[in-house]
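Enquirer: Residue-level listing of the chains:
2 protein chains.
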Amino acid sequence: MVPRHALQLLHRAARSPTPFPLSPSLNRIRISHSINVRCISSTHSGRSGGSNPQMSFPCLDALEARTLSLQSRALASSTSSTNLSSSSGPEPTYTTGAHQAFNSIDPLLLDYGGVLPKFTIAYETWGTLNPERSNAILLHTGLSASSHAHSNEANPKPGWWERFIGPRKPIDTDRFFVICTNVLGGCYGSTGPSSIDPSDGLPYATRFPILTLQDMVRGQFRLLDYLGITKLYASVGSSMGGMLSLCSGVLYPSRVGRIVSISGCARSHPYSIAMRHTQRQVLMADPAWNRGFYYSPPQVPPHTGMKLAREIATITYRSGPEWEQRFGRQRADESKAPALCPDFLIETYLDHAGEKWCLEYDANSLLYVSKAMDLFDLGAKNAADREAIRAKNQWKIDSTLPEDASSTIEGQDECTLTLPPKPYKEQPRASSTVAQAASPSGPPEDLVRGLSALANHPTLILGVASDILFPAWQQREIAESLRAGGNRVVTHVELGEDKSLFGHDTFLLDLVNVGCAVERFLE
Amino acid sequence: MVPRHALQLLHRAARSPTPFPLSPSLNRIRISHSINVRCISSTHSGRSGGSNPQMSFPCLDALEARTLSLQSRALASSTSSTNLSSSSGPEPTYTTGAHQAFNSIDPLLLDYGGVLPKFTIAYETWGTLNPERSNAILLHTGLSASSHAHSNEANPKPGWWERFIGPRKPIDTDRFFVICTNVLGGCYGSTGPSSIDPSDGLPYATRFPILTLQDMVRGQFRLLDYLGITKLYASVGSSMGGMLSLCSGVLYPSRVGRIVSISGCARSHPYSIAMRHTQRQVLMADPAWNRGFYYSPPQVPPHTGMKLAREIATITYRSGPEWEQRFGRQRADESKAPALCPDFLIETYLDHAGEKWCLEYDANSLLYVSKAMDLFDLGAKNAADREAIRAKNQWKIDSTLPEDASSTIEGQDECTLTLPPKPYKEQPRASSTVAQAASPSGPPEDLVRGLSALANHPTLILGVASDILFPAWQQREIAESLRAGGNRVVTHVELGEDKSLFGHDTFLLDLVNVGCAVERFLE
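Chains A and B supply the protein sequences, listed in that same order.
Taken in order, the first sequence gives residues 1 to 523; the numbers are from our numbering.
Taken in order, the second sequence gives residues 1 to 523; the numbers are from our numbering.
Think of the hints as simulated: they come from the structure by calculation, not from any bench.
None of these values were measured; they are calculated from a predicted model.
Worth double-checking, as some hints may not be accurate.
Where chains are identical, the list cannot tell them apart; a pair therefore holds if satisfied intra-copy or between any two copies.
Think about it this way: if two alpha-carbon atoms lie no more than 25 Å apart in a straight line, the pair counts; the simulated PhoX-like pairs of lysine-lysine are [to be verified]:
(1) 392 - 336
(2) 336 - 381
(3) 157 - 169
(4) 381 - 392
Just chain A, with the same shape it has in the complex (with noise of 0.2 Å):
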C-alpha cells in the first residue's frame, strides 16, 4: 500500500515536469523572441561549484525554442480557428503544392477489416494520354514522397524525381503520360490520419485503419477507373514504390504491361522491419505525439519524436562507404571541445536531414505508412489471408450486417493488441519453418507461387550492392523467383560498389545507371 502522502505527491510529480524542462537561457529566448541560443549559464540550476564545469546542450535548447515558437503559434491561432488546413496554426499543411484530386464516394475496404467511407487521391499528371489511352505510365513513391515527382505549370518546384521525367528523359513525357500519387495514408493530398473522419468531423488520428501496400494500389486503381485508363503501359517505382509497382501487377495482372521495381523487395525482411519499429517507437514516445492526437491547438505536432525518427532513417538510406568518404572523422568545428550535442560532421549531417524534415511530414502518416512496409508480402499464402478477411469483412461496404457479424470481425477488435504474454527470450536456433531466406536450391516456392500472375510480364528489378535496407539479395530474391516462375523476360541490374555507395537513395541520385536502364526497359 503506497501512503497517503505519497499518492499525493506523485499525482503532483505527474502534474508538473515539462515535456522539456526550461532552462534560464530559454526563458530568455521567450522575452528577446530570439532562438539563437549559444549558451547555458554557469548557474543552470545551482549546478555550479563541481570539479568541472557543466555541459551545454545547444541540441535541446534548439528543440525547446522550436516548441515554444510553434505552441506560440498556435495559441495565435487558436482563438479564431482550429480549422487543420488553416497556414497559421501550429500543424503545418503538409502539402507540396498544387495537385489534382480524385475523390471517391464509395468506400473502400481495407485489408485488415478497416473502412474508409470515403476517400481522395491526390495525383499529378505529366504529358498527354493518347486516344488509345495506352501510354499511361504510374509512377510510385517513397515512404514519404508526394505526387509531386516532376514540376509543372500548376507547381513549378522540382519535383523528387525531377531529372528523371520530361521530354527526351528516361520517362519520356513527349511519348508517356505520367501518373504520380499520394499514397493513402500519406499527409500530401490523399486520405490518411489528418484527414477528417466524415463520421464526426474529427481527424482520424490513430483511429484511422490499418492499411497495407495492396490498399493503396486499389486506391490508385480506382483513380485509373476513374480517368479511363483499363491498361498500364508500365508500373514504375522505386523504394516502397518498388513494392506497390509490383503489387500492382500482382493485384492487377491484366490492367499493368510491364513493370519496373528499383531498390525494392517482395517482402519485407527483419532487418528493414527492425529499423522502421525504432523509428516507430522513437516518434510515439514522443510526449508530444499524445498517441496520435496532437492536430489541435494548443497542442504543436511531436517534432522532436520525428526529427529522430527520420535521423535513424537517415542512417539506412546511404552507406558507411559512402560515408567514410565523404565525412570520416571530421568533426563540425575542430576548435571545440567534444560535446554530447551533434560534434562530428556525420552527426551535423544527421541533425540537420531531421531538422529539414520534422514538420514537413505528418508523424501519424509515417507510422501508417511504415506499418503498411512492414506487412507488406507477396507470398502465396499472406495473399490467402488476406483474401479471407477481406471476405469476412466485405459487409461493411456492402451495409449489409450478417447474422454472426460481431463474432467474425477479424482484426477490429480494439483490445487484442496487446504483447505477447512471455518477453522474447533468446533461442538457440531457429527451426526450419522460420527460415525464409532464398536458399541454394532457389527462391521461397511461397513466393513463386505469389508472383505467378506475373509470368509473363516483362519486369526490370534493379538492385543497389551498398543498399542496407533494401539489399541487393532482396531484388536477387524477386529476380528468381518470376523465373522460377517461369517469367523469360525479367531483366535485373545489379549496380555494384564500383558504379554506386549511395546506398538505398541511388536512385535518387544516379541519373545515369538508374536512368539509362530504366529508359532502355521502357523502350
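With chain A fixed as given, assemble chain B onto it according to the hints.
Expert: Then chain B, alone, in the frame of chain A:
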C-alpha cells in the same frame, strides 16, 4: 509581438503537459496497483464514434506504468534518504555484485582537460599472480559491461565471458592471472557520472568531464601500479574492449607483452558514430533525462530513452541474415490484428532487449562512454593533438596556476559547445583530405605512424564478416597498418559468413572460432 493572453496561455501550456499523458486505463492501474495493462477503453479521451475503432497502445501503457511504479518507489524512499546507494531508491544500484575497488587519491587529468580529483576503479581477478608478476592478463570490456567477466566466490553469477575464462579455457586461469575492470565513466563501481563529485558532495551528472578511451586506460594502469604489475603478459578485449586493448599497447608499449583485439577498430568510423549518435539523441530527448540530473527522488531515471537507445544498439549487434533465419516474417501472435506497438517477432525481440536493459545501466554513463568511443582515433595526429592539450592542462593537477591559464585551457569553455553556425549542406563530393579509408595503395599513413609503437608486439586481430557495427574492413585496417609499420607478428583472423552470422555479438557467442583463436595466440 505576442498578445498578452497568448503568453498567459503559453505559460499555462508549458506547465501543464505531463511527460506521458495519463490514460484512463492508467488511472485504473494506480488504484489496483497492477501493471497488467491490456486495454484502452473505447471512450479513451472521448474519441469514440469514428469510422473505425481507436488503436490501443499497450507498449506505451507499459512505459507509463513503469514511470508510475518508479515514482512511487522513489517517493516511498525519499522521505528518509537521498542516498544513491540505497537499494530502496528509484535509482537502481548498478553494480552487478561484489567486486574489489582501487581508490586513487591522486587526481587524474583527462585528455580534454577535465580532472577527476580522485577516482575508483572497480575490478575483479581470477587465477593467481605468479611470484615474477609476469602472468597478468588485462581484460577490457565492451561499452556497458561490468568487471564481472566470470563467476567467482564473491559473486557466483555467470560473467559476460563466462565460457571463455577458467581452467583450461581459452583464457586459462591455471596459467594466467586475469584482471577485468569496469571502465572509468561506467556505473559498475568505477568513477563515472553517477558518482559523487568530491568538491560538493553531489553526483557529477553532466558536470562529469568528457573522457577518452585513453583516459580509461590510464586509470587501468594506475590499478596495475597498485597491484605491482610492471608488465602485462597480454592485453585482451572485444568491441570497445578491442579498442582499449590496442590503446593499452600504444600508450604503454613497454608494459604490454602481447595484444588481442577482437571486433574492434583503430578509429571510429562515421557509420558507427551515426548509430551511437542516434542512441544518444534519443536518450537525451527523454524528458526524464533532465539534462543528466535525474538522481534525486522523486525523479526517476530515463528508462524510456534508455530502452529506445538499447533497441537501436541491438540492431547493430547482430546481422540481417541471422534475423532472417531466426525470425523471418513471423509475427508474435498471428491471430492478432497488426499493431503499431511491437507486433513482428523481431520487434518483440528488440523490445525485450530494451526492457531488460533500461534500468541496468546508468544513462549518463552510456552518453559519456559512447562519446568516448566516437572520439577514438589511434592516428598520430590525434595523439599529438591530445598530448598538446594535456600539456596545457597539466597545471590543473600540479596545483600551480600558470600566468595565462584562463586563456590556455582548451576544451573547457562551457559556452563553446555550439552547433555549427550553418546547418550541414549536401556537398557534391568529398575532398581528398576527408577520405581516410584504407585505399588500394595501403593503410592510412596517419594510422601506420600512430601504431608504430607496436612494431614488435605479437598481435591477434580478429574480425567478423557479418559485423555491421565494426565491419571487417576495420580489423583489416588495423592488421595492415601494423604490418606496414614493420610488425611481422600480426595474426589476422576474419570469420566469414559461413563461420558466423552473429555479427558484432560473435565474440560473446562463438567459443569455437573466437575462443580457439585466442587460446592458440596466448600459448
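Enquirer: Next, verify each hint and record whether it holds.
Expert: Going through the hints against the structure:
no.	hint	verdict
1	392 - 336	between (63 Å within a copy, 15 Å between copies)
2	336 - 381	between (57 Å within a copy, 17 Å between copies)
3	157 - 169	within (18 Å within a copy, 66 Å between copies)
4	381 - 392	within (17 Å within a copy, 68 Å between copies)
In summary, the structure agrees with every hint in the numbered list given earlier.
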